[in-house]
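Can you make the complete structure from the sequences, with help from the hints?
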Amino acid sequence: MVLNEEQWIKELREKRIAYGISQGKLAVASGITREYLNKIESRKMKPSKELLNTLHKELARFNPEAPLTMLFDYVKIRFPTLDIQHIIKDILKLNINYMLHEDYGRYSYTEHYSLGDIFIYTSADEEKGVLLELKGRGCRQFESYLLAQQRSWYDFLMDALIDGGVMK
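In full-length UniProt numbering, the protein residues as written are 1 to 168.
Check the hints yourself; a few may be wrong.
[Said to hold, decoys possible] Pair ranges (Cβ atoms, derived):
| id | residue 1 | residue 2 | range |
| --- | --- | --- | --- |
| 1 | Glu50 | Glu14 | 14 to 24 Å |
| 2 | Ile162 | Glu127 | 18 to 28 Å |
| 3 | Ile162 | Glu126 | 19 to 29 Å |
| 4 | Gln149 | Asp83 | 42 to 52 Å |
[As the list claims (entries may be wrong)] The list that follows gives simulated cross-link-like pairs (lysine-lysine, DSBU-like), each with its CA atoms no further than 30 Å apart:
| id | residue 1 | residue 2 |
| --- | --- | --- |
| 5 | Lys15 | Lys76 |
| 6 | Lys128 | Lys76 |
| 7 | Lys10 | Lys39 |
| 8 | Lys49 | Lys25 |
| 9 | Lys49 | Lys76 |
To be clear, the hints were calculated from the coordinates, so they are not data collected in a lab.
Computed from a prediction, not measured in an experiment: that's the story for all the values here.
C-beta: ideal position from N, C-alpha, C; glycine also.
Structural data, given as structure tokens:
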């Protein structure tokens, strides 16, 4: 065995133990048997380079210090205000001049603004307020804007909650 592979295997075993992952759990995630992984770790079997890469990739998924990521696919927030410009400019941090305005809406709202698949509905009825709706593609598009603004979903959702937004 090449020294580099020996080091990889030693590192693999040390990380697996440090992460608190059993041989069985790592083996199942990597598509091999526990016995085969045991033989690899005890250097009785020589794994292929692809298998070593797979083992390290799967082990990295179990890293307890890795950041948790979430993927939003639908967001609906109602704001108790009729000031749509405030919502677009200060919460979404978008330019209203780039948005398309239509004199019809959904969900009994009378009009809406849109930018791609990002929809903001408004009505003269103060009880309804302003409604932001992001479906799948709208969420992906808004993520791009958040990235450009150097903000995260967390930052945006906190801004929305602080402003009185109600998550639907």
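Hints versus structure:
| no. | hint | verdict |
| --- | --- | --- |
| 1 | Glu50 x Glu14: 14 to 24 Å | 22 Å, holds |
| 2 | Ile162 x Glu127: 18 to 28 Å | 21 Å, holds |
| 3 | Ile162 x Glu126: 19 to 29 Å | 20 Å, holds |
| 4 | Gln149 x Asp83: 42 to 52 Å | 20 Å, violated |
| 5 | Lys15 x Lys76 | 41 Å, violated |
| 6 | Lys128 x Lys76 | 13 Å, holds |
| 7 | Lys10 x Lys39 | 13 Å, holds |
| 8 | Lys49 x Lys25 | 20 Å, holds |
| 9 | Lys49 x Lys76 | 46 Å, violated |
Violated hints, listed in ascending order, are 4, 5 and 9; each of the other numbered hints is respected by the structure.
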